[in-house]
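Engineer: In case you want the letters, here they are:
Protein chains: 2
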Amino acid sequence: MMPRESPLLTDLYELTMVQAYCCRGLTKTAVFEFFVRRLPASRNFLVAAGLEQALEFLEGLRFSPEDLAWIEGCGRFRPGFADYLERLRFTGDVHAMPEGTVFFADEPILRVTAPLPEAQLVETRLINLLQFQTMVASKAVRCVLAAPGKKLVDFGLRRAHGAEAGLLAARASFLAGFAGTSAALAAPAFGVPVFGTMAHSFVQVFDDEAAAFVAFARANPGNVTLLLDTYDTEAGAVKAAAAVKTLAREGIGVRSVRLDSGNLGLHARRVRAILDGAGLRDVAIFASGDLDEHALRRLTDEGAPIDGYGVGTRMSTSADAPSLDCAYKLEEYGGTPRRKRSEGKTTWPGRKQVFRRAGSSARSAFDVLTVDGDPQEGEPLLELVMRAGERVRPAPSLLDARERARAQVESLPDPLRGLAKAEPYRVEVSPALQELTRRLDREAAGLTGGRAR
Amino acid sequence: MMPRESPLLTDLYELTMVQAYCCRGLTKTAVFEFFVRRLPASRNFLVAAGLEQALEFLEGLRFSPEDLAWIEGCGRFRPGFADYLERLRFTGDVHAMPEGTVFFADEPILRVTAPLPEAQLVETRLINLLQFQTMVASKAVRCVLAAPGKKLVDFGLRRAHGAEAGLLAARASFLAGFAGTSAALAAPAFGVPVFGTMAHSFVQVFDDEAAAFVAFARANPGNVTLLLDTYDTEAGAVKAAAAVKTLAREGIGVRSVRLDSGNLGLHARRVRAILDGAGLRDVAIFASGDLDEHALRRLTDEGAPIDGYGVGTRMSTSADAPSLDCAYKLEEYGGTPRRKRSEGKTTWPGRKQVFRRAGSSARSAFDVLTVDGDPQEGEPLLELVMRAGERVRPAPSLLDARERARAQVESLPDPLRGLAKAEPYRVEVSPALQELTRRLDREAAGLTGGRAR
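Residue numbers (our numbering), protein chains in the order written: chain A, 1 to 453; chain B, 1 to 453.
Among the hints, erroneous ones may be present.
Some chain B residues close to chain A (C-beta under 7 Å, calculated; not the full set) [as the list claims (entries may be wrong)]:
id	residue
1	C23
2	T27
3	R159
4	A163
5	S201
6	D229
7	A327
8	L330
9	G344
In short, the hints are calculated from the structure, not lab data.
No residue lacks a Cβ here, since even glycine has one placed at the ideal position from N, Cα and C.
Starting from the given sequences, assemble the full structure and let the hints guide the process.
Structural biologist: Written out as structure tokens, the structure is:
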């Protein structure tokens with residue numbers, strides 16, 4: 001039942017607003033920016049991800065005959081609106097931080113500059129695409145930081161929120177430094193390496209656990225990981241050790257064994273001893289089961305002899321922060337900056353740029369948030385990626401984005417790379433942006449006779 | 001980039017296990033059941049949802065030429081495996097609780113009886129589909145219980161985890177008693193009523209808030225909700241009241257106003273007074289912004305004059321419990337019951353049925369979990385829905401499922417319908433199931449010479 005990619009995958013009000021804009025001839029250039037208002041309590045930074053899917057969405061934006069039939073028949077829209085939508089394409093510009101860029105609260109990671117109806121219509125799906133992968137990449141990178149040198153594999157598909165979430169979590173976690181995923185479709189879709197072990201059900205089908213191990217390995221000789229804990233982990237390890245030797249005589253190598261329940265560190269030490277005692281030092285131990293960055297850190301700290309981890313649900317759902325407080329806001333219309341002033345939801349107005357200043361030893365020192373065009377020192381993070389509805393260059397590869405994320409995270413001040421909440425990274429608001437904000441507030445106060453905020 | 005519905009949207013190990021089953025001729029009938037091991041701490045019951053999409057998935061299961069090309073080219077599978085997959089269809093039986101059924105820990109809500117490779121292959125996507133809608137319906141119904149008589153609308157699309165999650169959250173929340181959704185595609189896809197208001201960006205485009213209100217209403221005369229809080233909620237209400245009168249002279253009715261920030265109860269009282277003072281008692285107040293069942297309960301308890309709510313992110317992500325501890329487990333193979341005994345993950349073996357016993361005054365009293373075929377009093381909850389790969393009857397309508405959910409929740413003991421954690425609902429394990437479990441453990445202990453558990 002996978003939903004088709006349809007511009008109707010949007011909030012109804014985007015469509016009613018577009019109709020109103022068209023009725024009123026409000027089709028001048030609008031600037032919207034996507035940003036996160038506040039970082040989740042348990043995040044010191046975020047990793048931008050999802051731009052590639054956002055650009056694909058914009059490139060492919062069109063209403064199908066099926067979509068238009070609904071528009072015409074639903075009784076909510078004027079005659080002629082369907083004709084307008086049939087011709088509608090995204091013709092705007094997009095500036096964005098490349099995927100893999102580290103960013104912070106209030107910093108736009110994507111800016112749309114387009115005729116108002118187009119820029120408005122794409123709001124819902126852009127948020128939907130950008131928040132999810134950014135959220136997952138930002139969670140996954142914490143797992144990577146908590147388990148240095150270990151092979152992490154995304155196991156989150158089954159409890160991800162639907163098909164797209166499962167598939168994009170595989171992409172986002174790979175971008176963040178995971179070695180790969182269990183989700184097979186991520187290989188043909190994104191070139192993400194896929195990994196697989198075996199399930200308890202496989203072992204249960206056999207009357208004898210050792211027979212299950214041998215049968216599995218003979219059927220998949222290039223790719224053998226034996227699951228030990230269907231009945232009793234250490235007893236399983238003894239049987240696995242025997243199976244490994246049987247298989248070796250047939251020329252079949254066993255890469256690793258997997259633990260999936262109980263105290264993983266304790267079982268890993270016992271299983272390591274059993275394997276080593278059998279002369280099987282090359283057989284790696286892989287562990288899974290309710291893991292997140294904190295569990296990984298504990299296992300790392302206790303020196304558990306585990307070589308890799310399957311990290312599933314808590315990563316693919318970003319369980320401790322399953323959404324970001326993010327928004328896609330109008331910052332300028334018809335050349336005039338705009339500012340929302342709702343309680344607790346005020347925005348920095350105008351089209352903006354973010355500069356990153358380097359400190360000593362190649363680490364980032366602080367960022368400057370300013371109005372676009374204000375010359376500042378440092379690396380500007382938003383760049384033009386789409387002009388008049390077309391990409392200005394081919395998409396960077398996912399490996400490039402992964403490398404960018406690695407380098408960006410490496411350049412963060414050390415405390416931000418820890419799991420505990422650190423002193424927030426400094427984001428300065430430039431004098432130019434502060435002055436613009438004050439000016440708009442003065443004008444608003446003058447207009448309304450009301451309170452300036 | 002919406003992923004296509006592909007059987008490769010699965011964990012790689014399902015495919016490697018299927019290959020091993022085929023190599024070994026392990027194609028006898030297997031029985032798998034989907035159940036939740038433990039309820040989330042903040043849930044007193046769950047509402048089954050997602051069966052319709054699960055059955056569609058099983059009916060449509062087939063490998064496309066594109067899928068098969070990946071299987072053949074990835075270097076992991078034997079020659080001939082792609083030919084086997086090309087012919088593979090789901091030919092099994094499915095028993096399930098109808099959507100909208102309330103259920104508890106350890107109770108299977110779906111049972112697959114099929115040749116082992118088919119039953120194994122579908123594991124990942126069945127879990128993915130059943131957990132998500134069940135989780136969302138179970139969260140949404142708490143919102144419904146917390147705001148009796150209020151119109152609740154799903155606003156969760158933008159921060160749902162991808163497209164499918166957003167669309168299915170609209171379905172699941174409607175099933176749970178919401179009035180509808182903002183997600184336009186849910187209307188053509190599922191017949192869910194759609195609702196829309198206006199965004200802050202619309203107001204910001206105009207130099208004057210009042211002009212924005214009038215322009216919006218003129219463009220969408222049948223469907224007017226005015227958003228008050230772009231700058232200052234009460235000032236917005238005064239302007240809206242004037243706009244309503246202007247529009248009334250043009251024959252355009254304004255249905256409601258919307259609050260989206262600040263202390264919603266306080267603003268609602270002030271706005272109600274402004275509207276009433278202007279003689280606009282018929283204009284309803286609609287509120288949104290970071291709502292969940294607890295916020296709704298507080299607003300209900302304080303008697304906030306709010307007629308309806310947009311409930312978004314926290315519902316569509318089930319923010320306090322963004323996954324269920326659920327599993328799809330082998331319970332029988334080749335006529336013999338099976339039992340997984342991993343630490344903390346033991347299962348009740350065999351194919352099972354759940355009976356619900358009525359107590360006094362038409363309330364449910366307790367459930368009995370037993371082996372299939374064991375005669376028990378009460379209503380059996382699992383029924384045959386698919387035989388040999390084909391549905392035994394047309395799908396119930398979503399409205400029927402919604403009515404079933406309403407009646408099921410109404411029949412729960414009162415404490416379980418509260419938001420606080422209640423004494424758990426009683427689920428008895430029948431003597432027949434206990435005896436089967438003991439027998440399997442005795443046999444396992446005999447086989448392994450190990451500890452019985």
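Engineer: Now look at each hint and say whether the structure bears it out.
Structural biologist: Against the structure, the hints:
Nearest Cβ of chain A to the Cβ of C23 (chain B): about 4 Å, under the 7 Å cut. The hint holds. The interface hint given for T27 (chain B) is violated, since its Cβ lies 11 Å from the closest Cβ of chain A, which is over the 7 Å cut-off. At its closest, the beta carbon of R159 (chain B) sits 5 Å from a beta carbon of chain A; the interface hint therefore holds under the 7 Å criterion. Residue-level restraint check for A163 (chain B) holds (minimum Cβ-Cβ distance to chain A is 5 Å; threshold 7 Å).
At its closest, the beta carbon of S201 (chain B) sits 4 Å from a beta carbon of chain A; the interface hint therefore holds under the 7 Å criterion. The beta carbon of D229 (chain B) is positioned within 7 Å of a beta carbon in chain A (closest approach about 5 Å), and the interface hint is therefore held. Interface restraint check for A327 (chain B): the shortest CB-CB distance to chain A comes to about 9 Å, outside 7 Å, so the restraint is violated. For the restraint placing L330 (chain B) at the interface with chain A, the shortest Cβ-Cβ distance is roughly 4 Å, inside the 7 Å limit, so the hint holds.
With a least beta-carbon distance of about 6 Å to chain A, the hint placing G344 (chain B) at the interface is held under the 7 Å criterion.
In summary, the structure is inconsistent with hints 2 and 7 from the numbered list given earlier, while agreeing with the others.
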